[in-house]
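Take the sequences, apply the hints, and build the full model.
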Amino acid sequence: MPSKDSKEEKKEKAREVVDILEEISLLLNTHLDRPQLSLCVSLIENGVNPEALATAISDLRRDADDLQRVEIKDVA
Amino acid sequence: MAPATPSTALADQLVASLLPNGTSASRLRKYNDAFSRKLKSHNYARTNQFEVAEKFEGFQEKLQILNNDELADALHKSLVRLKQHPEKWLPDILDLLLRLSDEPTKKTRIEWLADISRGSAVVPSLTWAEIEAVHPVDRSDDIWTIARYSDLSSDDDAVEVVPTSDGKVPTSEEQEVCLQATFEPLDPNSGSKALNRLREDQFWRNVSTNSYELTELQVIREILFMLQGLPTALFWRVGNCYEIDQRFHLNNCSREIFLDILSDFSDIASRLDILRSYANKPQPQYVMQTLRSALEDTLQHVDGRLSALEHKILVEKNDAAATMIQLFAAVGKIVEVCSPLAQLIADIGSESIEVVQYLEIVFDRVCRSQTSGDEVGFRSLSRVFLQCFDSYFRPLREWTDQGTLADGQTVNFVTTSGLSQDPSQLWQTWYQLADDSAPNRCPNFLQSVKAQIFRVGKSVVFLQRLNSPHERFGHSPVLTPQESVSTSANSLVPFAEVLATSVQDYVESRLHVVTRTLRGHLGNDCGLWKTLDALHSVYFASNGYITDLVDTKIFSAIDRCDKNWNDRFLLRDLFQTIFKYVQCLELERLSIRSTSKSSGQMSHRRQSMNLLKDLQVQYKLHWSVANVLTLPSLASYQRVSTFLRQIRRAKYILERRSFFQVRAGRPDTTLQAQNLNLMLHHNLLLFVNTLYNHFTTLVVEVANSKLQQDLADAADIDAMIDTHDRYCKDLEEACLTSKKLKPIHDEIISALDLCIRFSDLNNPSQGKRRRSSSDTRSYVSATSHQQRRRLRDGDENHSSDEVESDEDNNDDDDGEGYSTFTIPDDSTLVHQLRKVRGDLEKHLSFVVAGLKSMGRVGGQEEEGRYWHILAVRLDWRRSSC
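Chain order of the listed sequences is A and B.
So for the first sequence, the numbering used here puts the first residue at 20; every next one is plus one.
So for the second sequence, the numbering used here puts the first residue at 545; every next one is plus one.
Keep in mind that the hints were calculated from the coordinates and are not lab data.
Beta carbons are placed, not taken as given, at the ideal position from N, Cα and C, and that holds for glycine.
There could be a bad hint or two in this list.
What the hints assert, rightly or not - Here are the simulated DSS-like cross-link-like pairs (lysine-lysine), alpha carbons at most 25 Å apart as the crow flies:
| id | chain 1 | residue 1 | chain 2 | residue 2 |
| --- | --- | --- | --- | --- |
| 1 | B | Lys-1164 | B | Lys-1097 |
| 2 | B | Lys-621 | A | Lys-32 |
| 3 | A | Lys-92 | B | Lys-574 |
| 4 | B | Lys-627 | B | Lys-606 |
| 5 | B | Lys-1283 | B | Lys-1250 |
| 6 | B | Lys-621 | B | Lys-599 |
| 7 | B | Lys-599 | B | Lys-632 |
| 8 | B | Lys-632 | B | Lys-621 |
| 9 | B | Lys-651 | B | Lys-621 |
| 10 | B | Lys-1284 | B | Lys-1396 |
| 11 | B | Lys-1074 | B | Lys-1164 |
| 12 | A | Lys-26 | B | Lys-627 |
| 13 | B | Lys-627 | A | Lys-32 |
| 14 | A | Lys-32 | B | Lys-632 |
| 15 | B | Lys-574 | B | Lys-584 |
| 16 | B | Lys-1164 | B | Lys-1124 |
| 17 | A | Lys-26 | B | Lys-632 |
| 18 | B | Lys-632 | B | Lys-584 |
| 19 | B | Lys-1157 | B | Lys-1286 |
| 20 | B | Lys-1286 | B | Lys-1396 |
| 21 | B | Lys-632 | A | Lys-29 |
| 22 | B | Lys-627 | A | Lys-30 |
| 23 | B | Lys-632 | A | Lys-30 |
| 24 | B | Lys-1386 | B | Lys-1283 |
| 25 | B | Lys-1107 | B | Lys-1157 |
| 26 | B | Lys-1124 | B | Lys-1097 |
| 27 | B | Lys-627 | A | Lys-29 |
| 28 | B | Lys-1396 | B | Lys-1386 |
| 29 | B | Lys-1396 | B | Lys-1273 |
| 30 | B | Lys-621 | A | Lys-30 |
| 31 | A | Lys-29 | B | Lys-621 |
Said to hold, decoys possible - Derived, one-sided and incomplete: chain B residues facing chain A with beta-carbon distance under 7 Å:
| id | residue |
| --- | --- |
| 32 | Gln-557 |
| 33 | Pro-564 |
| 34 | Phe-579 |
| 35 | Ser-622 |
| 36 | Arg-625 |
| 37 | Leu-626 |
| 38 | Asp-636 |
| 39 | Leu-640 |
| 40 | Arg-643 |
Below, the structure written as structure tokens:
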């Protein structure tokens, strides 16, 4: 069983990595917030292809924009 | 349905976060399925980490090329930090981020990095305990000594303080004792002996309607409490008096004696109560506030001594027991200073009193106490009076030192007049003294210095207006209590004298300084002496040659019947052209004012000397000099100047316009007429010269010299103003231009008018003969167009009627003189000359008689002598007329 300290260290390291990735995400203007980035990191750690993930996210964003446009039109 | 895998759950969460809130569940499910399908079924290759690294390098280069070094540096630093965490999936993440990037070169801002909120943990603050755990601190080291800064320079006096571990500033022992003194509440039911004893001592809680016996010590305590203004059981305060509770009696003492002693103490307490009541009442006036403060000090001193007495009786161990008799003697000495103050407060009354009235009352009391030999009363009252007087004098001190009056000041006897703030009226009208009936009048003990105080303040204001620095005075009180007591306690000098002398010295010291400074400024910077010389030059013709140039122009214009003879612009140019050679004169201050009241024609108006009243020369003074040489006094200059000009005109006419005709003799006249002409000319000239010589040499010159001397010797500005006003008044009386001498003045003017008439007789009018160009001395005919036509028509009756009507009008039109230039047909030159001689003698007789009578009335005064001298000189000449 990994010790408590090593778990804490791992958590700390993971947090640091996510912090750095968040900075890079901001610099690249990916429009991903921290929770979304964490989910993406988790998905990739689970073997999801990054290109497929990027495509799926882009399509989903497009669909989300369409949805929002329709809702606004309905409200108007 | 595929079993939910961690990836599925993560993907669902991601989809939910990307979709807008409120998305329906069915739609959400659909998107989830589509998202998962896209993640699972794809043909994309694996991530090439080298390609990702190249893309990042290219992106950094692109940022640098686009001159966005900050972003490039930030990205580089992030990538370097990321390399320290080698994970196999990092290139995939970076690839994902690259694919999701949205025009970072255009849209990314470096400030976004600062907005990242990190959930950092709170760093605990460092404590001394943690530091000492790692590096122990040697408290004995000098570096930990806290220096106590004080005014003392000696190192021996420095106090070394050992700092405590918590860094608190250490307190002295006394304070520690005070802080440690705490009161522990007693349990009422504890049955403590001390508590029972206390209950027994508080006898007032157990008093019933029956009598209660007190010990002498208890009575003494009650008395002391009463004297200190505290509530007691033995004495009841009723109004302003203290009543004795009859239920109490003293053991081994008769009731009468007991009550008698207590009543004596209650009288003392009543007097103290008067002071306490007044000290508790708020006072709006600052002087009364000072009184209140003095009373509070006295009461505090008395209370302190009563407390010390109480301490001595109750705490110190004495062999002798305390008695009320002893207490009465001791209290009497303590409160003896309060009796005069209590009497004073009782006389002042509880209602508000005017400050000045209060000060006068106290001053009177002080003087009477000194006179009656009441040393104690004198000391206490004089101390209070001097404190109140110092407060009262403070605004006056501001007035004398800075020339300022506090707004809303109701006790100061110097106030602003509220009139126009013309600087030339500063000394006369800006400030005023309060009436003796006003509430803010001057106290009677300051009456002797009231005017001087007023003068000092005005002088300071004057100097400030001149932007002139003057000496700053000290702020010491006028009279200190030590001075008053030391000089009055053992000497025979009355307090009133001491105070008056001190105030006098105080005011005079300031008056001397400011007056000297102000006079220096007036003389040197403001040009007072130069202005006087200029006035003498302009008004009194001190420079005869220049005056003659001006007069010639004016008089010749008048004789030419030039209507514009007194045009102010032409005359101003004339004056400025000619007077520019006078050094003391400032030409820009010179102006001419011309008035013309009469509507008569110039030909008639020129025949009277009153015409010259239409011309007024004005010399505008600097505002500072105008405060001394006041405007009303300058009117005197104008009147005297006009009179002298009138005499000069007569002189001009006789010397310039008649001289040759008289000396040469007219061919168409008889010898008798010529002789008469000569004699009359001689007498008129002598009369005019005597007048002018008398007024200029004997009166004006002497008066001017005396004025200069008196002004230089004047003590202050008021004296200078009085000197100048007196000079103007004396000058007018000596020059016969004052109101009371108007009849004599008018007679002289009438006599001067005869000179014009005489000259006209010797220079016949143009109506009878043609004007010849060679006759440069003849004047332009004064006859109007209508008169010329009438004469051409030979209508002499009209001319004689005009003469009669004009002569009638003489009485109506304010004496503008004779109106004829021509000799009537029924008259001859000799007849007219005899008429002139008769009129001259008549006028001269009146003048001489008038001057002689005025000389007798004037007696030994300067003007009386002048009148007498002039009368003698004119009378001596009259006999030869």
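*Hint by hint, which ones does this structure get wrong, listed from lowest number up?*
none
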